[in-house]
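If you're matching them up, the sequences are chains B and W in order. Be aware that the first sequence starts at 1, since it is given in my numbering, and climbs by one per residue. Be aware that the second sequence starts at 1, since it is given in my numbering, and climbs by one per residue.
Among these hints, one or two may not hold up.
Covered, in the sense of this in silico footprint (three residues per stretch, anywhere, with C-beta under 8 Å from a C-beta of chain W), are these stretches of chain B [said to hold, decoys possible]:
#1 26 to 38
#2 45 to 51
#3 112 to 124
#4 141 to 148
Covered, in the sense of this in silico footprint (three residues per stretch, anywhere, with C-beta under 8 Å from a C-beta of chain B), are these stretches of chain W [unchecked claim]:
#5 27 to 33
#6 663 to 670
#7 689 to 700
Just so you know, these hints were derived from the structure itself, not from any lab. Glycine included, C-beta positions come from ideal geometry on N, C-alpha and C.
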Amino acid sequence: MSEHKIELTVNGHRHAATVEARTGLGEFLREELGYTGTHLACEHGVCGACTVRVDGVAMRSCLMLAVQADGCEVTTVEGLAAPDGTFHRVQQALQDNFGLQCGFCTPGVAITLATVLQDNPSATTGEMEAAMSGHICRCTGYQGIRRAIRQLAGENA
Amino acid sequence: MNFHASSVGATRYVGERTPRKEDSRLLTGRGQFTDDIQLPGMMHIAYVRSPVARGRIVSINLEVAREMPGVQAIYTQADLAAIPVQMMSFFFTPIESPVSLLADGRVACVGDPVCMVIAETRAMAEDAAALVEMEIEEETPLVTIADAKTGPLVHPDKDDNIAAEMGDEDMLEEAIQPLLDKAPHVVTHTIRHQRIAQSPMECRACVASPDGSGEMTVWMGCQSPHLAARYLALVLGLPQESIRVIAKDVGGGFGLKNIPWREEVAVVVAARLFGRPLKWIEDRYEALTASSHAREQEVTLTIGLDDEGKLLAAWSDYACNNGAWPMGEDANIAVHMFMWPAHKLPAYGFVTRGWYTNTMGLGGYRGPWAMESLIRETTLDKAARKLGIDPIELRRKNLIYLPDQPVTSGMGIEVTDITPGECLEKLVANVDVAAFRKEQAEARKEGRYLGMGITTYIEPTGSAGSMQPMTGETVHVRIEPTGKVVAMLSTHSQGHGTATTMAQVIADRLGVAYEDISVFEGDSAIGAFSPGAAGSRQGVIAGGATWKATELLADKVRAVAAHLSNASVDAVTIDGGMVHVEGAPEMSRSLKELAEIAYGEPGRLPEGMATGLEAQFRYQPPPMTMTSAAHCCVVEVDAETGFVKILRWISSEDCGTVINPGVVEGQIAGGLAQAIGQVLLEEMPYDARGNPLAATFKDYLMPTIFDVPDFEYLHANTPSQTIGGMRGVGEGGAIIGPPTLVNAIADALSPFGELGGKKGEVTLPLTPSRILDVIEQRDVSGHSAHAAPVPAAAPVSAPAVPEAPVAETAAPVPAPAASASIDGDWDMTLKAPMGGQTFVAHFETQGTSLSGYLSAPEGQQDFSGGTIEGGRIKFEVKVDKPMKITLKYDIQLEGDTITGKCKMGMFGTAKVTAVRA
Ligand code: FES
Ligand code: FES
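Could you put together the complete structure from these sequences and hints?
Have a look at this one:
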């Protein structure tokens, strides 16, 4: 198995590592760098739990290899809140609206919504809901996630 | 119950949408799930699983796999057998199938674990697992319930493929059929429920670390660390103090993680053998195909009604697929116990069976008995259509309302405070049914098909004291010397938010800020035994225990403050973390000040009072606390495509005191989403060779945000009789959801005909093609061609008595030796609903009269007045536990064995066998 040297920035911290070519980005972030907030729930690209932001784009870290992230800027759920701990508005909206129960799907949901809002701070509920099509949550029935989306769009939750 | 006593301050936390304590760690990626555990020297496990459904293992070749880089060991059952294991059910009764941790000479389903590879990384373990060579002499598998009835034995040492059975066949002819024959209307309905994969988002996971001499710390995705620790100690025959189970965060359980199962127990056994920490993380393919499954069942219900729509009698024939290795052999007796206690039904009888097949074993899933609501509510709607009665009216005629209570059902369930009728009235007062009917009629003219389903149900929650693992709950609350509050609980959250709700109760009852309370749970080293999340019980039982423990602590605070201020206890109140004395504002002290005195200055405390500020309470609630609800769902069915769109869903539920509406609604919503998945999307199909066909989330369709509407809630709450007045709410949505949606769809399709066609057999999920079967009145789905025959409906003929498959090696049955004496001791086994019970039966005869006793470690029951005639033995034993029932034995002596049955009141009839002791 070939090994590769990579360098990347995760949540503002620079990391250098040697990885096997086959190591997935999600696995690398979790096992090598300790960003265990990224969850792997299907490892085949359907559930969205593993979503991280790579160079500004929401990516499924189970479908991307660590080597492909060489030179990239990655944001995981650990990097969403402000350095003083203040929640990102997506995190706040999810908490305000009981948008999570077990929290296993939540990191991916939060990264996707934060990325939609980063691209378009006045994204509509329709746009944010459409982005949720790539996320499975077994616990909440999506009620709190949908209310959080409404709150983020400035509507009545 | 006065659940807002005056001793505490004005600030209310119970009933508030308080933000969850769990969220800050889970939203920032700082949760601690099992896969987040990394230990020095930890190795990784991958299982090699059987690719065939049934066969004899001829050989296993590990040579190539062992040579792979990073491989440390490969174990088969022969290795693991060094530590003997007796697998148990959730009820702590031995599993009756010959289940072992890894396959023992035979495989009985696809996914059966055969070898365990231990390697330095997960990838290395998987690489090696792929190179294990197995030769299996493949046999034709039994896949369906119909296969099980006629095919060869799944477990060759068993008498038949019946894993469990209850009920009384004779009752149909003796009691029910005569009533049905006289009934002006008889309606029969069949439902075949597909197989479900429970699919929590976090798959199963286990890390086992052997510490010190014979101790083991286990991190595990479970529903109760206490239950997991007790289970592991029991099946491994170890003292419980040697095992500690930690589960801080678990990504959903839903019944799947009720007990540690083969793979988790194997990790613990292997860690002992290997002597180093081991980690196993199930992947989604394993989770879908090999975790365990749920719900595959078929039931036919027949009801008789009078001209007004009043129920006269009912009979049902139920069967469920137990797979090869169920997590407890199950005939689902609870379906029958809870089908009718909320209805005025004069007579009900049933037969119920679980069948072994060569498929993945049956496990738990939210509301395992949910079929009672699904078959009852869909049959009632069908009857309403047949009789031309409004379905709401039909329910009003038959439901038990509050003024009718207390009343005891034919199955012996006493209800004292159920409110399905009251929930229904609140529902219809808030939903304009007449306007909907008008809209529906208009829409039909335009070729749009709207439907409304309305259902009611009741659910037993917070069960305690009648089954081994279902216990009360201990809570310890303490005010630290810092004035902050700490609580130690045996609760466990796989998303339930118990740290939040329990902190709310403490804040409310103690008069302290929610932020000042820390709740510790999720560790078998904290608190006392509790089954955690099982049977919708934590809000009820842990809530009640927390309520009372906190009030005891508040009493102590007030006693100390009264003593210090020379005031009467009644004059002391606590609010916002301050202790006030009425009429003496200068005497107000912070809890911190008071705590410093209580811990550090014993001389200032009342004579004889223990120092410190803490209280502990163990709450044993009533045996069951009932939750009731009525739901309404509105759908539109697209007659072109067969797609169903859910337009509205309203829940009117009575869940007693609501601690946190956000949490309660979250539980209902989660269950309803699973219900929608079951009715419309999810299915784990098997092919004829026993291969599970949904291997990814592209094949196994989980509900997405677009499949689930906004749910509306009408809280119709009445406090229960428990401390605090809570009622359980964890499973309800998954129970009442399916019939509500099926009824709405059936209503929409009524212009075309009955859902399930002329035969009246509804098969789930209601895929677009199955809905087109009704709309186009032809076999679009291709389902009917493949359908296996269902159990015969009662009014047509007696229920089909399954022909027990005969073991090829079975010896001819000896002729009854009536003359043999029965006197003396017998080892008797009663196949009870919660697993087999074994005890010693002692008989003494005098002529034809019989007396004796039944003796088990739990106690001895004497009986007399029995008879023995021609080897036929009849006697009765009255028992008080789990409830008052009379056990009526009717058994036959044949040489040195006894076989027969025992009628167990509400539990139906159980098989009895005995051999001479
Ligand atoms: S784990 Fe990546 S999409 Fe499911
Ligand atoms: S919160 Fe549990 S899966 Fe979404």
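Hints the structure fails to honour: Violated hint (a single one): 3; every other hint is consistent with the structure.
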